[in-house]
Amino acid sequence: DAMVIQNPRYQVTQFGKPVTLSCSQTLNHNVMYWYQQKSSQAPKLLFHYYDKDFNNEADTPDNFQSRRPNTSFCFLDIRSPGLGDAAMYLCATSRAYAGAYEQYFGPGTRLTVT
Amino acid sequence: RKEVEQDPGPFNVPEGATVAFNCTYSNSASQSFFWYRQDCRKEPKLLMSVYSSGNEDGRFTAQLNRASQYISLLIRDSKLSDSATYLCVVNTDGRYSGAGSYQLTFGKGTKLSVIP
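Quick note, the sequences are listed as chains U and V, same order.
Under the working numbering, the first residue of the first sequence is numbered 1, with each subsequent residue one higher.
Under the working numbering, the first residue of the second sequence is numbered 1001, with each subsequent residue one higher.
To be clear, the hints were calculated from the coordinates, so they are not data collected in a lab.
Be aware that a few hints might be false.
Unchecked claim - Calculated lysine-lysine pairs in the DSS-like style (CA-CA distance at most 25 Å, straight line): (1) U:Lys17 <-> U:Lys44; (2) V:Lys1042 <-> U:Lys52; (3) V:Lys1108 <-> U:Lys52; (4) U:Lys52 <-> V:Lys1111; (5) V:Lys1079 <-> U:Lys44; (6) U:Lys17 <-> V:Lys1045.
To be verified - Quick look at which bits of chain U chain V covers, simulated, 3 or more residues with Cβ under 8 Å: (7) 62-73; (8) 84-96; (9) 102-112.
What the hints assert, rightly or not - Now the in silico label distances, taken between C-beta atoms and shown as ranges: (10) U:Glu57 <-> V:Asp1007: 33 to 39 Å; (11) V:Glu1003 <-> U:Pro18: 29 to 35 Å; (12) U:Asn28 <-> V:Ala1017: 27 to 33 Å; (13) V:Lys1079 <-> U:Asp77: 37 to 43 Å; (14) U:Val12 <-> V:Thr1018: 29 to 35 Å.
Glycine included, every Cβ here is placed at the ideal spot set by N, Cα and C.
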């Protein structure tokens, strides 16, 4: 089945220790997104790739970076995680033409910062 | 005004009950509307798209009122397995926000608990 896969599902890192989360998709969608979601809050968009074009949200801290080496893969790098970065990180994909805006999410990576 | 507003709940209803969720959105130029379901500690999953004429999928009915910028979701004959948070989702419009129309704005969700 076509899907969005995230690894790892759970990640524990130390304060200030860089961490990389990965996302892959078999849907062949041209847009990939990274969201941060904290308890009882809406998913918050960090950035997205439209094909190879990177689009950062204005309020995304510089501590968060992303790479998309090819259509199928996208990475989220947190350079110096703080306690406030503990959250669920969700990867999503979509096509970007009218009538097909729905997004499909991976299972998420739950990040704990100690 | 928040872009997408929902009653956070929780809605606690008995099995078999009918429950309705409402959502308002601020961007009058939005064209695409969805309801997503999110189980505790899981990812959001697309429940259904919302069309102008209203649409139904089994026990679920979605309605859109463009004039009032209002979306609703009706669940009939509630099951225990319907317990989840329901997210109202609307596409953005690049003319106003600079964001691409393909981007989505999520509400905080309405929590539903169906009780035996």
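Status of the hints after comparison with the structure:
For the given pair, Lys17 of chain U sits about 23 Å from Lys44 of chain U by alpha-carbon distance, which is consistent with the 25 Å threshold. Between Lys1042 of chain V and Lys52 of chain U, the direct Cα distance comes to roughly 28 Å. Violation of the 25 Å bound is thereby established for this hinted pair. Between Lys1108 of chain V and Lys52 of chain U the CA atoms are separated by roughly 30 Å; this puts the pair beyond 25 Å, and the hint is violated. Restraint check for Lys52 of chain U and Lys1111 of chain V: not satisfied, since their Cα atoms lie roughly 37 Å apart, outside the 25 Å limit.
For a cut-off of 25 Å, the pair hint linking Lys1079 of chain V to Lys44 of chain U is broken: about 30 Å separates their Cα positions. At roughly 32 Å between alpha-carbon atoms, Lys17 of chain U and Lys1045 of chain V are farther apart than 25 Å, so this suggested pair is violated. Coverage of a stretch by a chain is defined here by at least three residues with a beta carbon nearer than 8 Å to that chain's beta carbons; for the stretch 62-73 of chain U and chain V the count is 0, and the condition is violated. Counting residues of the stretch 84-96 of chain U whose C-beta sits closer than 8 Å to any C-beta of chain V gives 5, which meets the bar of three, so the coverage hint holds.
Check result for the stretch 102-112 of chain U against chain V: holds, 8 residues qualifying (beta carbon to beta carbon below 8 Å, three or more required). Roughly 26 Å separates the CB atoms of Glu57 of chain U and Asp1007 of chain V, a value that falls outside the hinted 33 to 39 Å. At about 33 Å, the CB distance of Glu1003 of chain V to Pro18 of chain U agrees with the hint of 29 to 35 Å. Checked against the hint of 27 to 33 Å, the C-beta distance between Asn28 of chain U and Ala1017 of chain V comes to roughly 41 Å, which is inconsistent with it.
A hinted range of 37 to 43 Å holds for the C-beta pair Lys1079 of chain V and Asp77 of chain U, which are about 41 Å apart. At roughly 43 Å, the beta carbons of Val12 of chain U and Thr1018 of chain V sit outside the given window of 29 to 35 Å.
In the structure shown, a violation is registered for the earlier hints numbered 2, 3, 4, 5, 6, 7, 10, 12, 14, in ascending order.
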